[in-house]
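Could you build all of it, start to finish, from the sequences and the hints given here?
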Amino acid sequence: MTARVRNAIGGQIGVSHTSRSNDAITVALLVFSFFFANDFLNKVHIMLSATLNPPANKMIPTIPESGDGSPEEVILESRVLIIMTGGTICMQPSPSGFIPARGFQDKCMARVPTFNDASTPTPMGVVVNAAGDQTEHPSLRTPMTAYGRRVRYTVYEFEELLDSSSIDAKGWAQIAETVERNYTLFDGFVILHGTDSLAYTCSALSFMLQNLGKPVVLTGSQAPMLELQNDATDNLLGSLVVAGHFMIPEVCLYFNNRLFRGNRTTKVAASDFAAFDAPNCPPLAVTTSMRTNVNWDMVHRPTSLEHFSIQTNLDTTHVACLRIFPGIKPEMVDAVLKLDGLRGLILETFGAGNAPSGQDNAMINVLASAIKRGIVIINITQCLTGSVSPVYATGMSLSRAGVVAGLDMTTEGALTKLAYLLALPDSTPETIAKRMSVSIRGELTESSLPIFRHPDGALPERIQTLTSMGYAIAHGDLEKVQAITKTEHHWLLNDADYSGNTPMHLAATAPSIQILHFLLSQGGSVHLRNRAGRTPLFLAANAGLSEHTLLLRKSGAHLHSDERPAAELLARHRPFVWGMAGVGPKEISQREMDEEWEWDARQNRMTAGSAPS
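Those letters in the sequence shown? Residues 1 to 613, by the UniProt record's numbering.
Hints are computed from structural coordinates only; laboratory data are not their basis. There could be a bad hint or two in this list.
[Said to hold, decoys possible] Think about it this way: if two alpha-carbon atoms lie no more than 25 Å apart in a straight line, the pair counts; the simulated BS3-like pairs of lysine-lysine are:
#1 Lys170 / Lys267
#2 Lys338 / Lys372
#3 Lys372 / Lys329
#4 Lys338 / Lys434
#5 Lys372 / Lys434
These figures come from a predicted structure and were not determined experimentally.
Encoded structure:
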């Protein structure tokens with residue numbers, strides 16, 4: 001560990017908020033009261049009362065109070081970036097047909113009450129290039145939703161809108177880079193896209209966006225938003241609500257009131273409003289007249305302790321897709337497999353993965369010869385539902401030749417996954433073949449072991465289970481936390497107590513860093529905010545827990561933009577620990593931690609069960 005990080009940790013050990021620092025803040029507030037109105041003083045007091053002096057073993061956010069002492073609800077505001085790439089949704093009629101409509105936010109959203117509460121929110125900064133240059137964009141705010149918050153958003157339009165029928169890896173990289181540059185500035189992202197290749201883009205982005213911790217929702221429409229009868233309004237509003245309210249760390253597709261896992265989708269209708277489906281995967285969420293119901297047990301979460309990154313070099317130019325048909329000749333398949341530079345082939349077969357073997361097994365010999373040359377061949381079914389399962393002789397012959405069973409992946413998912421794996425450094429045909437039959441982003445269904453539940457009466461109700469988890473975290477009981485997490489049949493890490501604190505919030509201020517490490521490895525979100533608007537990173541830094549703060553930063557955590565004013569104020573009194581959180585004069589960047597922190601040694605100590613230094 002370098003001197004800077006070591007000094008930051010060492011300089012923070014034993015340091016806590018003293019009465020002297022609190023007295024200094026109180027005096028400062030009294031001085032301010034001579035110059036500013038009482039309402040300003042109350043706002044400052046509210047901000048400080050929600051952040052100062054959390055208990056050492058748990059964090060109970062202070063609910064701001066109004067002047068008469070009654071509780072005053074904190075209205076949270078989510079920040080969402082809408083990325084306009086093109087598509088039917090932004091079209092407008094012209095004498096020569098539909099053409100893209102520039103100024104989508106003003107023309108299509110500002111005039112609609114469900115997208116604009118008629119307030120005048122401040123502009124939002126959007127990073128527009130690799131140099132980090134920001135441009136200010138006017139923002140709009142939705143009315144209060146049923147979930148007790150508003151969504152503030154802005155629309156960023158690509159200078160050159162993309163034709164979805166002509167999109168390629170370059171266009172996907174442009175979208176991924178836009179998300180990466182603005183990742184810390186927004187709570188979620190909505191991408192507007194043409195429907196022709198929408199399922200391909202969803203699948204590609206699901207692999208390109210690595211260790212994703214925030215929702216990325218793609219949508220489009222079958223009719224332009226400026227048309228009287230359209231599906232664009234509901235699709236866009238539903239996507240905005242999902243991205244602004246639910247921390248679903250996946251690339252999703254929202255269409256016709258249903259939220260799908262992006263890499264499970266395929267377009268099933270050319271003109272119907274129900275244009276997309278995920279035949280082998282239930283929807284992640286469904287919007288009804290009452291609310292949006294999320295199937296949290298279905299949500300795929302990152303489990304590696306790494307920060308968000310992107311992989312943009314998809315090898316789409318060396319991958320092909322071939323659909324088997326009755327009477328296909330082995331020479332046809334051989335001609336495709338001998339294309340210059342071909343490295344992978346998606347083979348769409350009959351039923352459960354069957355293909356004609358040809359006279360004297362000529363087809364099997366062609367496939368086996370290509371596999372020996374290093375070409376990866378993936379077997380997926382032509383059927384809309386079901387999976388490749390080598391139960392017939394012809395399917396078994398393909399497996400024995402080295403063809404990889406793609407199980408229930410869609411064509412779009414298999415093609416983009418193969419292109420992603422081929423572009424990874426140090427990839428080999430053998431490692432790619434193994435990973436193609438294993439789920440890495442929820443793109444296929446793996447056989448799983450049965451889920452065992454406790455006997456009736458052994459576990460209390462759901463809320464009591466969360467309470468038990470809270471007590472185990474507070475007492476540093478790692479074994480009990482592991483037992484509750486692994487035996488409880490529903491997803492628990494997104495559940496919140498009366499203050500909006502999830503197990504991740506509690507672990508961020510608990511004494512055991514091993515528990516925090518375990519919850520992160522189980523997919524706990526570092527971006528969820530409690531009722532006071534605080535993330536686990538803010539709570540850890542505010543509690544003066546240097547090790548916790550570093551671990552959260554290593555796992556991709558960053559302060560929300562709404563937290564930064566309070567954090568910068570607190571950083572004046574605790575510069576070292578807040579520097580680890582990414583603010584103040586002692587700020588430590590993510591790159592410095594990646595390069596300087598002896599992560600392997602620290603992780604080994606955790607695994608061995610030794611106490612953190």
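| message | Would the hint linking Lys372 and Lys329 be met if the CA-CA limit is 25 Å? | response | 20 Å, holds
| 25 Å Cα cutoff - pair Lys338, Lys434 | Holds, at about 23 Å.
| field | Proposed proximity, Lys372 with Lys338 (alpha carbon, max 25 Å) | value | 13 Å, holds
| message | For a C-alpha distance cap of 25 Å, please report whether Lys170 and Lys267 respect it. | response | 22 Å, holds
| request: Take the C-alpha atoms of Lys372 and Lys434, compute the straight-line distance between them, and say whether it is at most 25 Å. | output: Holds, at about 16 Å.
Checked against the numbered hints given earlier, this structure breaks none of them.
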